[in-house]
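Peer 1: Respectively, the protein sequence lines represent chains A, B, C and D. Note that our numbering gives residue 130 to position 130 of the first sequence, counting from 1, and the numbers run on in steps of one. Note that our numbering gives residue 45 to position 45 of the second sequence, counting from 1, and the numbers run on in steps of one. Note that our numbering gives residue 93 to position 93 of the third sequence, counting from 1, and the numbers run on in steps of one. Note that our numbering gives residue 100 to position 100 of the fourth sequence, counting from 1, and the numbers run on in steps of one.
Simulated from the structure, these hints should not be mistaken for laboratory data. Think of the CB as a built atom: it goes at the ideal place given N, C-alpha and C, for glycine as much as any other residue. Misleading hints may appear alongside valid ones.
Unchecked claim - Below, simulated PhoX-like cross-link-like pairs (lysine-lysine); rule was C-alpha separation at most 20 Å, straight line:
#: 1; chain 1: D; residue 1: LYS118; chain 2: C; residue 2: LYS71
#: 2; chain 1: B; residue 1: LYS71; chain 2: B; residue 2: LYS97
#: 3; chain 1: A; residue 1: LYS48; chain 2: A; residue 2: LYS98
#: 4; chain 1: B; residue 1: LYS71; chain 2: D; residue 2: LYS71
#: 5; chain 1: B; residue 1: LYS71; chain 2: D; residue 2: LYS54
#: 6; chain 1: C; residue 1: LYS48; chain 2: A; residue 2: LYS71
#: 7; chain 1: D; residue 1: LYS115; chain 2: B; residue 2: LYS54
#: 8; chain 1: C; residue 1: LYS60; chain 2: D; residue 2: LYS54
#: 9; chain 1: B; residue 1: LYS60; chain 2: A; residue 2: LYS68
#: 10; chain 1: D; residue 1: LYS60; chain 2: C; residue 2: LYS68
#: 11; chain 1: D; residue 1: LYS87; chain 2: D; residue 2: LYS127
#: 12; chain 1: B; residue 1: LYS10; chain 2: A; residue 2: LYS109
#: 13; chain 1: C; residue 1: LYS115; chain 2: D; residue 2: LYS68
#: 14; chain 1: B; residue 1: LYS48; chain 2: D; residue 2: LYS87
#: 15; chain 1: A; residue 1: LYS115; chain 2: B; residue 2: LYS107
#: 16; chain 1: A; residue 1: LYS48; chain 2: C; residue 2: LYS71
#: 17; chain 1: A; residue 1: LYS71; chain 2: B; residue 2: LYS60
#: 18; chain 1: C; residue 1: LYS60; chain 2: D; residue 2: LYS107
#: 19; chain 1: A; residue 1: LYS10; chain 2: A; residue 2: LYS60
#: 20; chain 1: A; residue 1: LYS68; chain 2: B; residue 2: LYS115
#: 21; chain 1: D; residue 1: LYS60; chain 2: C; residue 2: LYS107
#: 22; chain 1: C; residue 1: LYS87; chain 2: A; residue 2: LYS48
#: 23; chain 1: A; residue 1: LYS115; chain 2: B; residue 2: LYS48
#: 24; chain 1: B; residue 1: LYS68; chain 2: B; residue 2: LYS10
#: 25; chain 1: C; residue 1: LYS109; chain 2: D; residue 2: LYS127
#: 26; chain 1: B; residue 1: LYS115; chain 2: B; residue 2: LYS10
#: 27; chain 1: B; residue 1: LYS60; chain 2: A; residue 2: LYS107
#: 28; chain 1: A; residue 1: LYS115; chain 2: C; residue 2: LYS71
#: 29; chain 1: C; residue 1: LYS3; chain 2: C; residue 2: LYS54
#: 30; chain 1: C; residue 1: LYS60; chain 2: D; residue 2: LYS87
#: 31; chain 1: D; residue 1: LYS60; chain 2: D; residue 2: LYS121
#: 32; chain 1: C; residue 1: LYS105; chain 2: D; residue 2: LYS109
#: 33; chain 1: A; residue 1: LYS10; chain 2: A; residue 2: LYS121
#: 34; chain 1: B; residue 1: LYS10; chain 2: D; residue 2: LYS10
#: 35; chain 1: A; residue 1: LYS107; chain 2: B; residue 2: LYS107
#: 36; chain 1: A; residue 1: LYS71; chain 2: B; residue 2: LYS71
#: 37; chain 1: C; residue 1: LYS115; chain 2: A; residue 2: LYS10
Unchecked claim - Pair by pair, the computed Cβ-Cβ distance ranges are:
#: 38; chain 1: D; residue 1: THR6; chain 2: B; residue 2: ASN99; range: 27 to 33 Å
#: 39; chain 1: B; residue 1: PHE85; chain 2: C; residue 2: ILE93; range: 30 to 36 Å
#: 40; chain 1: C; residue 1: GLU51; chain 2: A; residue 2: THR41; range: 45 to 51 Å
Number of protein chains: 4
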Amino acid sequence: MAKEFTHEIKVYYEDTDSGGVVYYSNYLKYLERARTEMISTIGLSNNKLLEEYKTLIIVKSCNIEYLKSAKLEDKLQIYSSIESFNKASFVMIQNIKKNDNLIIKAKVKLVTVNKDGKPIKIPSVLKKQFIN
Amino acid sequence: MAKEFTHEIKVYYEDTDSGGVVYYSNYLKYLERARTEMISTIGLSNNKLLEEYKTLIIVKSCNIEYLKSAKLEDKLQIYSSIESFNKASFVMIQNIKKNDNLIIKAKVKLVTVNKDGKPIKIPSVLKKQFIN
Amino acid sequence: MAKEFTHEIKVYYEDTDSGGVVYYSNYLKYLERARTEMISTIGLSNNKLLEEYKTLIIVKSCNIEYLKSAKLEDKLQIYSSIESFNKASFVMIQNIKKNDNLIIKAKVKLVTVNKDGKPIKIPSVLKKQFIN
Amino acid sequence: MAKEFTHEIKVYYEDTDSGGVVYYSNYLKYLERARTEMISTIGLSNNKLLEEYKTLIIVKSCNIEYLKSAKLEDKLQIYSSIESFNKASFVMIQNIKKNDNLIIKAKVKLVTVNKDGKPIKIPSVLKKQFIN
């Protein structure tokens with residue numbers, strides 16, 4: 001079974017819009033921060049992946065549902081887990097909660113590519129660490 | 001049949017990331033700009049919708065596929081059309097092209113709400129104008 | 001003498017541009033996050049200031065020098081202190097360091113206003129807490 | 001005397017914050033768009049500057065004054081001119097107006113550097129075109 005990683009963020013002015021809530025594209029920033037921190041928990045980073053494994057992780061698709069809104073100075077928890085692996089891609093489930101209420105549901109497909117953008121095998125270090 | 005609206009944008013430094021391409025969440029900004037300009041073509045605006053029709057349009061879900069990347073100073077065309085209407089929601093297809101190549105495919109579900117966030121009937125002015 | 005507050009941030013993809021460094025306007029986001037966290041250390045928040053003190057803090061001017069650049073996954077320390085107070089305004093010095101090297105120097109003038117944007121006296125709770 | 005260049009932008013949701021106005025760092029994006037379009041009027045671009053002249057233009061300092069605020073769907077005019085040239089740097093005055101009212105005053109110092117970030121002589125094509 002997949003492990004779940006939690007990352008907490010706080011909503012700043014930069015994230016909000018004149019509707020009084022977090023602007024809809026900014027949740028994708030939160031999701032990406034959470035993925036970066038998840039990679040960081042296993043001693044990796046985007047920089048290391050590129051330098052040592054010649055690998056970039058890029059987003060192939062993102063399916064995001066906006067259930068409730070978040071506001072200035074809210075604290076949000078992002079729960080991330082890997083749903084499935086393929087040779088050169090994997091699917092993540094990323095949910096965002098505010099006070100235990102689910103506000104964002106997202107399914108993100110990621111692909112591992114080389115510097116030229118060609119899909120390459122997922123480094124085994126990633127696979128091993130993220131599956132029990 | 002639904003009308004199609006075109007909006008062109010240019011990629012500036014602010015839109016790119018250190019991967020050398022447009023950052024994945026910024027395409028959602030482009031999509032929203034295109035929706036705003038589409039509303040503008042029928043003499044409306046987000047401000048007018050709120051003041052005269054007490055209506056806000058919010059994004060309920062966004063399904064976006066990243067087919068190819070865009071780079072600094074690229075010119076991109078965003079093609080937007082309404083796929084279907086419901087009482088208080090509608091679904092849009094929004095595609096982004098670069099030199100006639102499809103680079104982004106998106107399906108966006110929008111809901112019309114009042115100031116308190118409650119779904120309300122789509123103003124008929126919107127429906128009439130966007131369907132042939 | 002003024003107290004100094006430290007806030008640490010990490011550079012994510014969202015912050016960088018295709019030049020490979022943090023985009024120049026994003027440092028202003030970091031500065032604002034640091035100011036928000038500084039206010040938070042004295043039990044206040046932008047929300048509380050608005051609700052309890054009917055006060056908004058807005059930026060009147062920003063003088064920022066870019067000495068060195070920051071890159072993806074850098075950890076940056078933001079040092080903030082209040083240089084001087086006036087009736088309805090105060091000046092902050094905010095410096096950003098990376099590995100003990102000064103990379104950004106900023107001087108920010110802030111004004112306290114009411115909901116209509118009129119300057120109002122700085123709440124004494126702010127003044128008391130931020131000066132020794 | 002220096003020529004003045006005008007660039008118009010429209011304020012979208014992405015630019016605003018929950019205070020109901022354009023977020024303070026986003027004006028720096030507008031300024032950079034205006035500089036890019038100014039360069040474009042003389043047949044150049046950031047890409048061309050890099051490829052043909054091995055030159056990047058980076059911001060060394062920015063002094064910005066916020067006089068009035070801009071709101072959703074405002075149309076803003078950005079007036080840009082070069083105040084002075086040095087060997088490897090130049091100073092620009094960039095003002096933003098809304099309905100003929102000055103809302104933003106900015107003074108931006110820019111430096112021409114090579115790929116390694118070392119200051120290099122401003123390409124003469126830039127100097128010639130931007131001074132009468």
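Peer 1: Indicate, hint by hint, whether the structure satisfies it.
Peer 2: Checked hints:
{"no.": "1", "hint": "D:LYS118 to C:LYS71", "verdict": "17 Å, holds"}
{"no.": "2", "hint": "B:LYS71 to B:LYS97", "verdict": "12 Å, holds"}
{"no.": "3", "hint": "A:LYS48 to A:LYS98", "verdict": "32 Å, violated"}
{"no.": "4", "hint": "B:LYS71 to D:LYS71", "verdict": "29 Å, violated"}
{"no.": "5", "hint": "B:LYS71 to D:LYS54", "verdict": "18 Å, holds"}
{"no.": "6", "hint": "C:LYS48 to A:LYS71", "verdict": "13 Å, holds"}
{"no.": "7", "hint": "D:LYS115 to B:LYS54", "verdict": "52 Å, violated"}
{"no.": "8", "hint": "C:LYS60 to D:LYS54", "verdict": "37 Å, violated"}
{"no.": "9", "hint": "B:LYS60 to A:LYS68", "verdict": "9 Å, holds"}
{"no.": "10", "hint": "D:LYS60 to C:LYS68", "verdict": "9 Å, holds"}
{"no.": "11", "hint": "D:LYS87 to D:LYS127", "verdict": "10 Å, holds"}
{"no.": "12", "hint": "B:LYS10 to A:LYS109", "verdict": "27 Å, violated"}
{"no.": "13", "hint": "C:LYS115 to D:LYS68", "verdict": "14 Å, holds"}
{"no.": "14", "hint": "B:LYS48 to D:LYS87", "verdict": "50 Å, violated"}
{"no.": "15", "hint": "A:LYS115 to B:LYS107", "verdict": "29 Å, violated"}
{"no.": "16", "hint": "A:LYS48 to C:LYS71", "verdict": "13 Å, holds"}
{"no.": "17", "hint": "A:LYS71 to B:LYS60", "verdict": "17 Å, holds"}
{"no.": "18", "hint": "C:LYS60 to D:LYS107", "verdict": "15 Å, holds"}
{"no.": "19", "hint": "A:LYS10 to A:LYS60", "verdict": "27 Å, violated"}
{"no.": "20", "hint": "A:LYS68 to B:LYS115", "verdict": "14 Å, holds"}
{"no.": "21", "hint": "D:LYS60 to C:LYS107", "verdict": "15 Å, holds"}
{"no.": "22", "hint": "C:LYS87 to A:LYS48", "verdict": "50 Å, violated"}
{"no.": "23", "hint": "A:LYS115 to B:LYS48", "verdict": "47 Å, violated"}
{"no.": "24", "hint": "B:LYS68 to B:LYS10", "verdict": "16 Å, holds"}
{"no.": "25", "hint": "C:LYS109 to D:LYS127", "verdict": "34 Å, violated"}
{"no.": "26", "hint": "B:LYS115 to B:LYS10", "verdict": "33 Å, violated"}
{"no.": "27", "hint": "B:LYS60 to A:LYS107", "verdict": "15 Å, holds"}
{"no.": "28", "hint": "A:LYS115 to C:LYS71", "verdict": "18 Å, holds"}
{"no.": "29", "hint": "C:LYS3 to C:LYS54", "verdict": "25 Å, violated"}
{"no.": "30", "hint": "C:LYS60 to D:LYS87", "verdict": "32 Å, violated"}
{"no.": "31", "hint": "D:LYS60 to D:LYS121", "verdict": "15 Å, holds"}
{"no.": "32", "hint": "C:LYS105 to D:LYS109", "verdict": "14 Å, holds"}
{"no.": "33", "hint": "A:LYS10 to A:LYS121", "verdict": "35 Å, violated"}
{"no.": "34", "hint": "B:LYS10 to D:LYS10", "verdict": "14 Å, holds"}
{"no.": "35", "hint": "A:LYS107 to B:LYS107", "verdict": "14 Å, holds"}
{"no.": "36", "hint": "A:LYS71 to B:LYS71", "verdict": "32 Å, violated"}
{"no.": "37", "hint": "C:LYS115 to A:LYS10", "verdict": "24 Å, violated"}
{"no.": "38", "hint": "D:THR6 to B:ASN99: 27 to 33 Å", "verdict": "28 Å, holds"}
{"no.": "39", "hint": "B:PHE85 to C:ILE93: 30 to 36 Å", "verdict": "55 Å, violated"}
{"no.": "40", "hint": "C:GLU51 to A:THR41: 45 to 51 Å", "verdict": "37 Å, violated"}
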